[in-house]
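Q: Work the whole structure out from these sequences, hints included.
Residue strings, one per chain:
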Amino acid sequence: MYRLTGVTKTYKKGRDAVQALRGVDLAIEDGEWLAIQGPTGHGKSTLLQILGGLDRPTSGQVNFDGQDLATMREGQVTRVRATSIGFIFQTFNLIPTLSAQENVEAALVPLRIKPARRRSRAAELLSEVGLSDRLRHLPSELSGGQQQRVAIARALVKEPTVLLADEPTGNLDEGTRDEIISLLEKLWREFGLTLVLITHDTPVARRAQRVGLMQQGRLSVQQETRQTST
Amino acid sequence: MFFTYLRRELRRRMRQAVFISLGLAVGIGLVITVTASSSGLKDAQGTVLHSLYGVGTDITVTKAPAKGSGGGFGFRVPGQKQNAGGGAPTAGQAFSRDVLLAGSLGTLKSSSVTTIGRLRHVTAAAGALSASDLNISGTLPAGGSGGGGGSGPPASIKTSNFGVLGVDLSVGKVGPLSSAKIAQGRTFTAADANSNVALVDSNYARSNKLNVGSKITVAGTKFTVIGTVSEPQGGATTDVFVPLQRAQSLAGMKNEVNTIYVAAGSAADISAVQQAIKNQFPGVTVTTSSDLASEVTGSLASAASLASNLGKWLAIAVLAAAFAVASLLTMAAVSRRVREFGTLKALGWRSKRVIGQVMGETFVMGIAGGIAGVALGYGGAALVSTLVPSLSATVGQSTGSAAPGNSSGFPPIGGAGKLASAAKTISVHLTAPVTLSALLLAVLLAVAGGLVAGTFGGWRAARLRPADALTRVQ
Chain A
0 MYRLTGVTKT YKKGRDAVQA LRGVDLAIED GEWLAIQGPT GHGKSTLLQI LGGLDRPTSG
60 QVNFDGQDLA TMREGQVTRV RATSIGFIFQ TFNLIPTLSA QENVEAALVP LRIKPARRRS
120 RAAELLSEVG LSDRLRHLPS ELSGGQQQRV AIARALVKEP TVLLADEPTG NLDEGTRDEI
180 ISLLEKLWRE FGLTLVLITH DTPVARRAQR VGLMQQGRLS VQQETRQTST
Chain B
0 MFFTYLRREL RRRMRQAVFI SLGLAVGIGL VITVTASSSG LKDAQGTVLH SLYGVGTDIT
60 VTKAPAKGSG GGFGFRVPGQ KQNAGGGAPT AGQAFSRDVL LAGSLGTLKS SSVTTIGRLR
120 HVTAAAGALS ASDLNISGTL PAGGSGGGGG SGPPASIKTS NFGVLGVDLS VGKVGPLSSA
180 KIAQGRTFTA ADANSNVALV DSNYARSNKL NVGSKITVAG TKFTVIGTVS EPQGGATTDV
240 FVPLQRAQSL AGMKNEVNTI YVAAGSAADI SAVQQAIKNQ FPGVTVTTSS DLASEVTGSL
300 ASAASLASNL GKWLAIAVLA AAFAVASLLT MAAVSRRVRE FGTLKALGWR SKRVIGQVMG
360 ETFVMGIAGG IAGVALGYGG AALVSTLVPS LSATVGQSTG SAAPGNSSGF PPIGGAGKLA
420 SAAKTISVHL TAPVTLSALL LAVLLAVAGG LVAGTFGGWR AARLRPADAL TRVQ
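So the protein sequences, as listed, match chains A and B.
For the first sequence, the positions run 0 to 229 when numbering that gives the first Met the number 0 is used.
For the second sequence, the positions run 0 to 473 when numbering that gives the first Met the number 0 is used.
If you're looking for bench data, these hints aren't it; they were derived computationally from the structure.
Among the hints, erroneous ones may be present.
Unchecked claim - Not the full set, but computed from the structure, chain B residues with beta-carbon under 7 Å of chain A:
(1) Arg-7
(2) Leu-9
(3) Lys-157
(4) Ala-345
(5) Gly-347
(6) Arg-349
Said to hold, decoys possible - DEER-style ranges, computed between Cβ atoms:
(7) B/Ala-266 with A/Arg-111: 51 to 59 Å
(8) B/Ala-319 with A/Lys-12: 56 to 64 Å
(9) B/Ala-320 with A/Lys-185: 55 to 63 Å
(10) B/Leu-382 with A/Glu-123: 33 to 41 Å
(11) B/Ile-315 with A/Arg-111: 38 to 46 Å
Virtual Cβ for every residue (Gly too), placed ideally from N, Cα, C.
A: If you want it as structure tokens, here you go:
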């Protein structure tokens with residue numbers, strides 16, 4: 000699925016240059032669940048953004064299914080994001096003026112799916128995450144856990160091959176955290192997804208097949224922590 | 000999705016949307032009001048000019064009188080020697096003399112009218128003889144007729160005069176009479192060409208108690224009044240209209256005219272016709288309606304100048320300010336929505352689509368501003384029509400003198416050759432008509448305003464890198 004070779008990322012911050020990634024080499028297989036941990040500001044989110052084509056590395060290769068995301072044209076990367084990659088954010092990032100169903104539908108807009116089909120697909124996914132009775136609710140009318148469920152439905156409605164989650168439980172209480180992680184695990188299995196999940200939470204990370212540790216822009220990945228049948 | 004998202008976003012930012020729309024509305028309303036006022040002022044100027052030259056006249060042709068042709072008053076008394084010789088009254092003798100004088104303008108041959116009429120782009124040409132009937136009567140005082148040193152005629156001598164215009168009856172669609180309306184009686188027919196019949200200005204008729212069938216004396220000849228005419232806006236440039244041939248005969252100017260009225264095929268042809276006439280008749284004064292407009296003074300001219308200068312620039316300034324405010328507010332709104340747009344880009348929305356969403360929102364604000372602006376513009380135009388008092392237009396310096404160089408080409412106002420008359424002032428009520436073109440302009444400006452704002456906002460949105468947008472803390 001992913002082959003990262005010598006990936007670096009340097010930001011300019013005023014006159015200083017900040018090296019967020021310092022030569023990351025990483026291979027992620029199809030259907031794998033990789034958790035990445037590490038202190039704040041050590042490059043976890045940067046790595047996730049590069050995996051998702053939201054940012055480009057300063058150097059190195061980001062091979063995704065045979066294509067180098069680092070050198071692809073913007074339009075092509077946008078297309079990859081629209082079809083193959085789903086995102087979940089810590090702050091949910093739902094569009095505040097759109098209902099739960101419309102937020103999920105928004106992920107299908109770039110695929111030019113007819114409105115009726117979009118609506119039914121969105122309703123199906125919301126039902127899948129246990130929100131069939133909240134289709135018309137605005138994000139402000141939903142709890143944090145429910146909002147993250149909507150975000151998960153939005154990420155999965157286009158049937159992506161990869162799900163990238165940036166601290167999806169960071170804003171949730173412990174009980175809701177467990178619900179969301181259980182849901183993600185269930186969907187990971189059902190959809191056969193490749194899941195890359197960033198978390199500060201060790202119990203959450205331990206549920207992944209492999210755990211990577213990001214420190215000072217360098218990634219070290221432990222061997223498989225558990226055997227999970229997919 | 001596009002419309003749902005657009006509607007909800009506008010509703011969420013209702014206050015800002017209303018503010019942007021109102022800003023555009025004020026600018027557009029001002030543009031409509033200024034455009035309508037300018038249009039009304041043009042109409043008013045047109046009315047003034049029509050009252051002078053008649054509807055349909057684009058060009059007038061006159062000629063400065065030859066030096067020495069006038070004399071003291073610019074008189075040319077047919078068949079009589081001025082102040083001299085046989086037939087002249089002696090001291091103590093009563094006398095009465097009624098003459099038709101046409102010395103304030105140079106003369107042109109009647110054949111010139113035909114020549115001009117045949118020029119390219121000329122649709123009609125009519126000659127006219129602009130003159131003044133001067134009646135002097137009384138008894139010459141003993142001690143000579145010079146009256147040397149006196150500032151006016153002796154008390155025993157009375158003078159009166161009125162304006163006479165000899166009009167060509169064969170051409171009705173051009174010339175001063177073309178703008179006049181018959182108030183009583185009838186107008187001329189071709190059969191009247193050699194008859195002693197006259198049309199009288201209704202104001203002149205009222206003040207002199209003349210009616211249809213009354214007699215009026217022109218150059219000692221009795222004319223029957225066949226009708227009274229009202230000239231637009233009380234223009235009253237002529238008191239008495241008579242057939243051209245009769246005027247020529249009485250003024251001793253057979254086959255001569257002193258003003259030629261010309262209609263061009265279209266407004267675009269006017270300057271070509273003007274040049275062609277100048278080429279054909281060197282030395283004549285060829286005056287177009289735009290030349291005449293520049294001769295109009297008074298509050299009408301001041302208002303026209305105000306509308307075209309201050310009004311225009313004020314409207315442009317307000318509109319530019321409205322565009323700038325709309326653009327800045329839209330950019331600010333985009334800045335507040337960076338995470339939202341970053342999320343959409345992460346979902347695979349193309350920049351084009353995000354820009355389209357922003358522009359769609361500002362487009363709707365522009366349309367709303369346009370509708371409100373049209374309403375404001377109508378209100379402003381109605382206020383102008385209601386509140387602005389009648390404007391006065393002062394045209395020309397009708398001195399009646401034969402001095403050459405009367406380059407304005409105006410036939411003397413208030414009666415051709417009316418002696419020492421003051422410049423003519425016409426009162427015009429200003430209306431501010433909102434034209435279809437002004438409305439279209441308003442709609443275009445509104446849409447442009449929305450799109451300009453949307454372009455700035457969209458440009459900002461397009462420059463967002465999704466990674467930056469998503470890391471932005473809100």
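Q: It remains to establish, for every hint, whether it holds in the given structure.
A: Here is how each hint holds up against the structure:
Restraint check, B/Arg-7 versus chain A: the minimum CB separation of about 4 Å is within 7 Å; hint holds. Hint status for B/Leu-9 relative to chain A: violated, with the closest Cβ pair at about 9 Å, above 7 Å. Here the hint on B/Lys-157 is broken, as its CB sits about 90 Å from the closest CB of chain A, past 7 Å. Taking 7 Å as the C-beta cut-off, the interface hint given for B/Ala-345 holds, the closest approach to chain A being about 5 Å.
For B/Gly-347, the suggested interface contact is upheld, since its CB lies about 2 Å from the closest CB of chain A, less than 7 Å. Hint on B/Arg-349 holds. Least Cβ distance to chain A is approximately 6 Å, under the 7 Å limit. Look at B/Ala-266 against A/Arg-111: about 53 Å separates their beta carbons, and that is inside 51 to 59 Å. Separated by about 38 Å at the C-beta atoms, B/Ala-319 and A/Lys-12 break the suggested range of 56 to 64 Å.
At about 58 Å, the CB distance of B/Ala-320 to A/Lys-185 agrees with the hint of 55 to 63 Å. The hinted window of 33 to 41 Å between B/Leu-382 and A/Glu-123 is violated, with their beta carbons roughly 60 Å apart. Checked against the given bound of 38 to 46 Å, the beta carbons of B/Ile-315 and A/Arg-111, roughly 43 Å apart, stay inside it.
The structure shown violates the earlier hints numbered 2, 3, 8 and 10.
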